[in-house]
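Q: Chains as they are written, first to last, in numbering that gives the first Met the number 0: chain H, 0 to 507; chain U, 0 to 113.
Heads up, none of these hints are tricks.
Okay, the calculated bits of chain H under chain U, using three or more residues with CB under 8 Å as the criterion:
(1) 142-154
(2) 172-180
(3) 184-195
Residues from chain H that keep clear of chain U, each with C-beta distances beyond 10 Å, as calculated:
(4) P18
(5) L30
(6) A38
(7) F59
(8) N64
(9) G74
(10) W75
(11) I206
(12) A440
(13) A486
Per label pair, the in silico range of CB-to-CB distance:
(14) A76/H x G58/U: 21 to 27 Å
(15) L28/U x A338/H: 54 to 60 Å
(16) L5/U x R121/H: 43 to 49 Å
(17) R29/U x I434/H: 38 to 44 Å
(18) T78/U x N65/H: 42 to 48 Å
(19) P487/H x G58/U: 54 to 60 Å
(20) T78/U x D452/H: 50 to 56 Å
Source of the hints: derived by calculation from the structure; they are not laboratory data.
Backbone N, C-alpha and C define an ideal beta-carbon position, used for all residues, glycine too.
Spelled out, the chains give:
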Amino acid sequence: MISASLFLISTSAEESLLPVLIAAPVGVMLLSVLFGGRAAERIALAFMPIGVVLSAALAFVVWRNNQPLVYFIGGWAPPLGVAIRADGFSSVMLVTTALVISAAGLFARGDFGMTKDRTESRAHFGFWTLLLAIWAALDCVFVGWDFFSIYVALEMLTFAAVPLVCLKGQRETFIAAMRYLLFALLGSAFYLLGATLIYAAYGALDIGVLAQKLRSEPATWVALAAMTAGLLAKTALFPLHLWLPPAHAGAAPPASAILSALVVKGSFFVIVRLWLDLAPPQMGEAPAQILAVMGAAAVFAGSIIALRQERLKLMIAYSTVAQIGYLFLMFPLVVGQHAWSGAAWTGGALQAISHAFAKAAMFLSAGLIADILGHDRISGFRGLGRIAPQSVFIFALAGLSLMGLPPSGGFNAKWLLLAASVQSGQWVWALVMVIGGLLTAGYVYRVIAPALDPIEKPPFDAHPRAWRRRSAFALTLALAAILLGFAPPEFTNLLMVGAPTAKLERAE
Amino acid sequence: MNAVTLAGLGGAVLVGLGLFGLVSNPHLLRKIVAFNVMGGGVFLLFGAVAHRGAAAGLGADPVPQALVITGIVVAFSATALAVALLLRLFKETGRPFLEDAPVAETSETDRVDG
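Can you build the whole structure from these sequences, using the hints too?
A: If you want it as structure tokens, here you go:
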């Protein structure tokens, strides 16, 4: 009896992790607005370990309980109340968010840190506050379990991400930010329209309640199509990617890292919720194929345009366009309760995470390279490896994971997706992945090859001290992408908690 | 045709008009206004949906009203951010357009790429 009541108490303590996970970054962000300036940086840096521990604790609880954690706000259960929920995929995304934001934030002390000889500026204050805002918004997206909360969370994400693009205050970045905002606003209007139609048809917005009720009828199709179109604009899936390269390439390196690694995953995550968690499998079949065709187009177009870029940061941004495409290949492989769905689910989730780490590391290494050379033109990289071996090494490690070479998280992700596509007889997606991997190798090689060119005297001087400490944070992210390749089976078990394919045993 | 159907249809028309304006008009301020028209259409649609609650014996379903209020706050914030960004953009470039929009007869050509 006593042990039962103790169990209940501990259960409620576990559940309360969920609201704390949202409230903590929001509260800390408000604090940094309140104290401003110099304090904003300290507050953000102080929150980082707390945020990492909170998300890790949540992931541990979800893994140990082997079932999703659900919390009813105010004790009211849906359909009347609002639920927040963390399953395996969301808790892994939460941990990734915490780690990438922390590493990028520590790296950013070089760009936005307050030193004695620097005067306080709006960009410094803005960066640290927006960092916390993005963190809070992403946490909300990943634990959101009803479409209106997710709408508000996605809007918060946009409002925090857009100013981050133009913090440097250059003319081009304002144009990029404006274009980004317009795409995002169009996307959110479409999303809200779809959510309205869902509510009109079923009188509910909670994903769990809706999943029981959803029928294949015209209203549902129109609603889901509108929501998906809006989310695709925010995710920048080809051909709605036009805003992404200038926005991600124009921002400061730590901001680019967060935008490319995490922000686009927020709306992708909601598309997964829509078509894999909510829609019944027989309804998801055709849209999954369409999404994957767009994904394949993104892999080809993004990679080929990346191959033609002169500037390193633009090349990395186009690589993001391509890697987003990979994410969408998971839909036709996961949908339905097939033997290969579990492998495809794990592969898709792993791709989202390993791309987050690898791409953040890549943008940070590009920032280091630009600091050393004073430019980021790929044609001027000859001999770079001699004066900036760390930066080139970080770039190469990240590239390894993006290409999908073992050992790396990217390899495991692509291997699982490849296996699923072969097993399901959908060979075409396997072909897309293989060709995409070759193209990725092409644009990574374009950077590495001249950098490793053994020339006698590099045409530039090194300034070693400034970036040695910062490169450690970028290296940590790149190593994380590699280490994901050695993830133990427990990690897969965690990803399968609450997955749409959870009923199946883990497919190898 | 009763009032609710009219409200729903009106919302649909506003969404269509707003979408057209947002896509077709190069002037950024007009795009922002068009976004608000489109948002207004969605809110009106939500209002029409609220009437379904009447079937349950209530005057109207209160949930959409709560959602619309939140939605208006979000749209207001979005508009404020967009207008602030537009003002800064105008200060930097002197034109309320994105770079690839039609250029006036005398334009700065000092932009350097690479």
